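Peer 1: Chains as they are written, first to last, in the working numbering: chain P, 1 to 90; chain C, 1 to 389.
To be clear, the hints were calculated from the coordinates, so they are not data collected in a lab.
Quick caveat: nothing in here was measured; it's all calculated off a predicted structure.
Not the full set, but computed from the structure, chain P residues with beta-carbon under 7 angstroms of chain C:
| id | residue |
| --- | --- |
| 1 | L13 |
| 2 | V16 |
| 3 | S21 |
| 4 | G22 |
| 5 | K60 |
Every residue, glycine too, gets a C-beta built ideally from N, C-alpha and C.
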Amino acid sequence: MRIILLFIIAMGLIWVGVLESGASSVNDFKHHASGKTLDKQSSIRRFLSVGFVGDLVVKKIISDGRRTIILKGNENFLAPGEVSTDHVDN
Amino acid sequence: MQAGDVLNLKEGAGFMCKLLRVGSASTVWKMLLMFLFSGVTFGATGLGAMLLMILLSSTHLGKDASAKHGISVSESSRLGGLAIAIVVIIYIAGLSAISPYTPGLMRNDDFLYLWGAVFFCCSLGFAEDIKPDFLTPTLRLMAKFAVFGALFWLAPTFIPKSLGISVIDFLLSVPFLGWALVTVFAVGFINALNMADGANGLVPGIALASFAVFFAEYGRPMDGALLFACSIFFFFNVISGWYFLGDTGSYGLGAVLLGYGLLGVVDGHFSAGFMAALFCYPCTDFLVSITRRWRAGRSPFSADNGHLHNRLHQFIKVRVKSGVMANSLTGLVVSGSTSGVVLCAYLADVLPSDSELWYLLFAVQVLLYLTTLRYLTSIQPKTQYADPA
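With the rest of the complex left out, here is chain P (with noise of 0.2 angstroms):
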């Protein structure tokens, strides 16, 4: 029973960084195009999650991922203000 709590914990806490990577991923992109950077309370929620060089293998991971969607052409980013037409549509 205490071993099962335990890995449950482990998992829990192993989710913490994961989600705030997964989190942290699609703000970036979705902000990516009025030039916004993650304000400074999400990075502090981030070193807690991820910790100190977590915090820079986070960063590098967002940017390569950015770098790869842009050269693959898969996503277009918005420019500031400007509303998709799929989101006029709906």
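Position chain C against the provided structure of chain P, taking the given hints into account.
Peer 2: Using the frame of chain P, we list chain C on its own:
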């Protein structure tokens, strides 16, 4: 630090003792140190990964008796490779599921074949970790030849065209010969890494430095996940000495490093000299060891205590009180002075990573290896290191 702080730490250590059911205070202090390092470097995720590794290391599965593994003096687990694999899979699966903006594992068919080969190597090692001598050495060797032969046959892009050495470049340019040479090299490399895994922090240190280089160059999520998992394992392995990579880890990490290294040379981001310098210790030690055994009329793959890390450990252990510290210091000195130096030189941008001048650093490392081995052999009693008959 005030008396109250010390009391709190002791209380915390006592709580950890009860929670993890460990009796010795030194064990708890080691755990606290491991959690501290993993927490500072990788935050909550690091703490979770460390806890997971502690739990896996405490299972009865894959336990090694004292002194059975390399220069170890304590009972340890061989499931380190499994722990690294679990952490990496959780991280990558989660990240890919949450963020559609994270490039996945399968960037192209070549990566699909590479991960297939890595999975096969991990499975081969896992069978050996769970049930030692489950497969005969010959069968294991044949299995490795089969998997790497298939990998390079299906994905010939892994075969480098130019290593900067004209004779080898000519041989590699002949299609079938190139495939055969790279397959032999791949199997040799995996065995070299497995053979070098004899001190705390040695192969984990080499893997850590290598993934740091690959991640700094490419920024792939998989490299980041491997860097994270190897870092946590490195802290665990060096501080406690309870946990080894095992065959799962050495075969699996060996296959990943081999694939990344070959692709790095093929796409021109790294020179062959850079890779030679980065993986100098396992490759040089492997060649020197099989030559030594062959000269002694023994099987090239039979185990002995003539590796540089064995001799260095003998040298260090009479000067350091703690057995674990002597073991870890040995691994850190070897990995730090080879792959660690290359990582520092790469990060400091001393040379472009595609420069052929890295061969010079490789030559210096080999010279240093041979000189140190010769010196340690000359000052240590010969009978102590005589190869078993």
